[in-house]
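Asker: Line order of the protein sequences matches chains F and G.
Take any residue in the first sequence, count from 1 to its spot, add 121: that is its number in the working numbering.
Take any residue in the second sequence, count from 1 to its spot, add 1444: that is its number in the working numbering.
Keep in mind the hints are simulated off the structure, nothing from the lab.
Beta carbons are placed, not taken as given, at the ideal position from N, Cα and C, and that holds for glycine.
Hints should not be assumed to be uniformly reliable.
What the hints assert, rightly or not - The list that follows gives simulated cross-link-like pairs (lysine to any residue, SDA-like), each with its CA atoms no further than 25 Å apart:
no., chain 1, residue 1, chain 2, residue 2
1, G, K1529, F, L784
2, G, K1529, F, R843
3, G, K1489, G, K1533
Stated by the list, open to error - Covered stretches of chain F (in silico footprint by chain G; criterion: 3 or more residues with CB under 8 Å from a CB of chain G, positions within the stretch not fixed):
no., region
4, 791–800
5, 808–821
To be verified - Facing chain F, according to a computed beta carbon distance under 10 Å, are these residues of chain G, among others:
no., residue
6, I1458
7, E1460
8, F1464
9, H1472
10, D1488
11, K1549
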Amino acid sequence: MIAFNLLVGVCLAYVALLFIVAFVAERRAIRGRLGWLRSPLVYTLSLSVYCTAWTFYGAVGYAARSGLEFLPIYLGPTLVLVGWWWALRKLVRIGKTQRITSIADLISSRYGKSNALGVLVTLLAVVGTTPYIALQLQSVTLSFSVFASGSNSGWSLPDLNATALWVAAGLTIFTVLFGTRNLDANERHHGVVTAIAVEAIVKLVALLAVGVFVVWGVGGGPSAVAETMRNSAIADTPINGGRWIGVTFLAGAAIFTLPRMFQVMVVENADERHLATASWAFPLYLFLMSLFVVPIAVVGLATQPVGANPDLFVLTIPLSMGQEAVATLAFLGGFSSATSMVIVAAIALSTMVSNHIVMPLWLSFQHEGATVSGDVRKVVLGARRLSIAGVLVLGYLYFRLTGGSAALASIGLISFTGVAQALPALIGGIFWRGATRKGAIGGLIIGFVVWMYTLFLPSFGPDGVMSAALLSEGPWGIGWLRPQALFTVRIDDPLLHALFWSMSLNTIVFLFVSTMTFPSPLERLQGAQFVNVFEHTNAGHGWQEGSAEAEDLLIMSQRILGSDEAQTLFQNAAETQGKGGFLPDTTPAFLARLERELAGSVGAATAHAMVGQIVGRASISVEDLMKVADETAQMMEYSNQLEAKSAELQRTARQLREANEKLTELSVQKDAFLSQISHELRTPMTSIRAFSEILMDEGSVSKDERQRYSRIIHEEGIRLTRLLDDLLDLSVLENGQVSLNEQPGSLRDLLDRAVAATSVPGDGRALRIRRNELAEAVPLFTDTDRLSQVFINIIANAQKYCDAKDPVLRVEVRNIGKRVAVDFIDNGQGIPKKSQAIIFEKFARLSDRNAAGGAGLGLAICREIMTKLGGAIAYLPGQGGAAFRVTLPLNKSATR
Amino acid sequence: MGRDVLLIEDEPNIIEAIRFILARDGWHVQTHSDGKNAFEAVRDKQPDVVILDVMLPGRSGFEILRDIRGDDAISGMPVLMLTAKGQSKDREIAENLGVSRFMTKPFSNTDVLAAVRDLVAQ
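So here's chain F without its partners, still in its complex pose (with noise of 0.2 Å):
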């Protein structure tokens, strides 16, 4: 057996490789001979980080378990490889436009550079990155045993915990240095990626040999091997739909959101058109790595003992043949999983954490001279090394507390949920402009939480975080809280039911929240560059045509200006050049004419970024974009004022047609009157002329004429009089100006006195008046002059108008509800029923006008009165004769 110092010893041997490649590819970088380093090769194998210790050992495990469910977690990238690869070209084509550093840096710039996302992502990064990285070092502690445990060569069990910590301390420093030896602006790190590069073949290199040797010699060939994995369980273990697409899903979603995906496929990108050899080449890659997953997992299952581990097979089938040679070169393999992983994902974890957390805090304490001073350089490039070794030790403290107990595959599916929640608002970022930042919030917290409450601190086993019985009845009993449970929807499987709740929630708040926020200007700003990144640049081909430049510069500003408008300014601007048509050259001269008339209609720091934009002469910094939303805002407050005035406007427009209206009517209503009154006062002077005339010719009137001319002029003047009279009382009562005169009183009195004022002596044709004295027992307190005056009117309607040949006026009382009813009922034809309508209108007298002797003001006068009191008078209809009912509120009736 190898013993311990020599696989020590190879172990060193290699990561001193590993420096060496490193140093190389960096000096060569350096001196800007890239040459290979920049091959789309070495851009592939390094995706390979995707493969870590977990594709490396787990994937027999996982296969030895569950069959072909393995299969998924190389299907999600493929399919995103080969059918998305439009997506992650879009995304590396806004990296290298955005100058982006991290997935992090990604979406907290697409919203509007917002801090808060930077630091949620970094989180949500940092805590699904963190069991990855213990379970690197897990694997690498356990392949150490594998070797240890079957050995008998007299080397004690190192202990496993010292081993990680080893092995974590010398990744941290290989990461420091490679990681952080410089500051580039683009964050590329040649070094490291050349490294992985080569790891990724020694992986590849490794897992293929052992496959060779398992299948040809451990398993008999191919056709042996086929025959085993006939009958082997695995044939027979049932394809579970649901997971099969999760897993799908989730190992697609990866590619995108894992933080060292990103850095190795956009950030340390050095050619777009990489991206299209690496569409097909990884996923090549992939099928070779799979190629020998369930061979190498039959064999093992049918020649190890039983309850052998078979994460570890990888090692174990080629050790428990005496194969040490193919043995440490599976350890190899595995090493160099592990290793790639972790150092690529602290690179791009201490990035995010550097950039969003130490540096806005360390900005925060400082005095503003120190950001233009050299001490910045030093403090990011410290805040990284510390970043770096903050994320391996995390690791190995996760490592330590979960003792190394579940299973590989396990952690690696939820650390996948876990980073997957940024997916939602990346995919929408960069396709979507009406996501706002609001939105991304909300769907990323809401994701998080209920990824960590349904599946990573239930993945602590039960008393782990959670206690037990949290776990099986609910927090607070509360069943549909139940982690693994959530809402009683039954989802057997934990993943599959924490990715479904997760994915779900976090999609629909974003999606929701987005559509009921508004975007802050910076933020639609940023959205558009986003999502229009290929419209809006054109990489490798700046605007060397002047002609180009001078139509991409006409078309925006007829969009601004308006069509003629700008027609014109450009063809000026080309006459006064010499040209003809409408394209000048794109002199200073002329854009900055240009972006003055574009000033006045979108603002100077617009126009001048728009331009700019289009020229590509002037990169726009963030303090343009900050005087673009400012302007932007200012904008929109001043646009927001007008429509307040406009809608005040329209407020005072509708008051006044209203007032108009209703003036228009009163001088209707007016005009009408005044012709009424001018024919009742009219009627009775003509008599009086008429006559008066008469009597002034003495000699022809007689005795008896005379008198008789005399008591019509007479009577014409009452009658005149009393319209005056009434005419002025209405008047009165409808300005509002009269007083009431309140006093307590007795609806009997105010009958008797109604009664007496209206009795004709000796009148033969005598109306007969009906009470019943006792209903009329009713405390009154209000102005008794006035309802009298309204009683008389009524009796005295009923003498004029009641044409019984025995006319009878029944008066009756009555409580309706708080209301003291007085009817009285005439046993006469009525009022025929279109009149009703009318006879409390002004001059609505229905008959021969001198039966009545009045003018035809007295119902409206009773109207008015009864108004004022608080009171009412309606017709009574269907009572036989004429009925008008007088009711009273009996709170004011009552004595107060």
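Assemble chain G onto chain F, guided by the hints.
Answerer: Relative to the frame of chain F, chain G by itself:
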């Protein structure tokens, strides 16, 4: 030349006054105190002149005037219109309908008498 006057008026006092003034001058005055059937009364009685009020119960004087002017047998009959509605609008309406003379109440007795004489003499 006849001296028959038909007075269409609903105010009894005004009827009495006009009757007195005209009778004293030797006119024969018949009256009709309702808007309804007033046109028929004009057609039946064939007076030499019609004195017509505007505001009448049942039918307005304007309508009666229109009927008179629309009937071939009596369309040329002189019509003196008296009204208590003193607005210029009413005079316009009456003139458009072909009134012979338009006077507002209160009137001067001599003016009425002169108008009646004048209308019959034409």
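Asker: Next, verify each hint and record whether it holds.
Answerer: Checked hints:
Between K1529 of chain G and L784 of chain F the CA atoms are separated by roughly 24 Å; this keeps the pair inside 25 Å, and the hint holds. A C-alpha spacing of about 20 Å is found between K1529 of chain G and R843 of chain F, which places the hinted pair at or below 25 Å, so the restraint holds. Taken as a hint, the K1489 of chain G and K1533 of chain G pair is broken in the structure, with Cα atoms around 31 Å apart against an allowance of 25 Å. Counting residues of the region 791–800 of chain F whose beta carbon lies closer than 8 Å to any beta carbon of chain G gives 3, which meets the minimum of three for the stated coverage.
For the region 808–821 of chain F, the stated coverage by chain G holds: 8 residues have a C-beta nearer than 8 Å to a C-beta of that chain, and at least 3 were required. A cut of 10 Å between beta carbons decides the hint on I1458 of chain G: the least distance to chain F is about 6 Å, and the hint holds. With its C-beta approaching chain F no nearer than about 8 Å, E1460 of chain G sits inside the 10 Å limit, and its interface hint holds. Interface restraint check for F1464 of chain G: the shortest CB-CB distance to chain F comes to about 6 Å, inside 10 Å, so the restraint holds.
Interface restraint check for H1472 of chain G: the shortest CB-CB distance to chain F comes to about 18 Å, outside 10 Å, so the restraint is violated. Against a cut-off of 10 Å between C-beta atoms, the interface hint on D1488 of chain G is violated, since the closest Cβ of chain F lies about 24 Å away. With 10 Å as the threshold, the beta carbon of K1549 of chain G comes within range of chain F, its nearest partner Cβ sitting at about 4 Å, so the hint holds.
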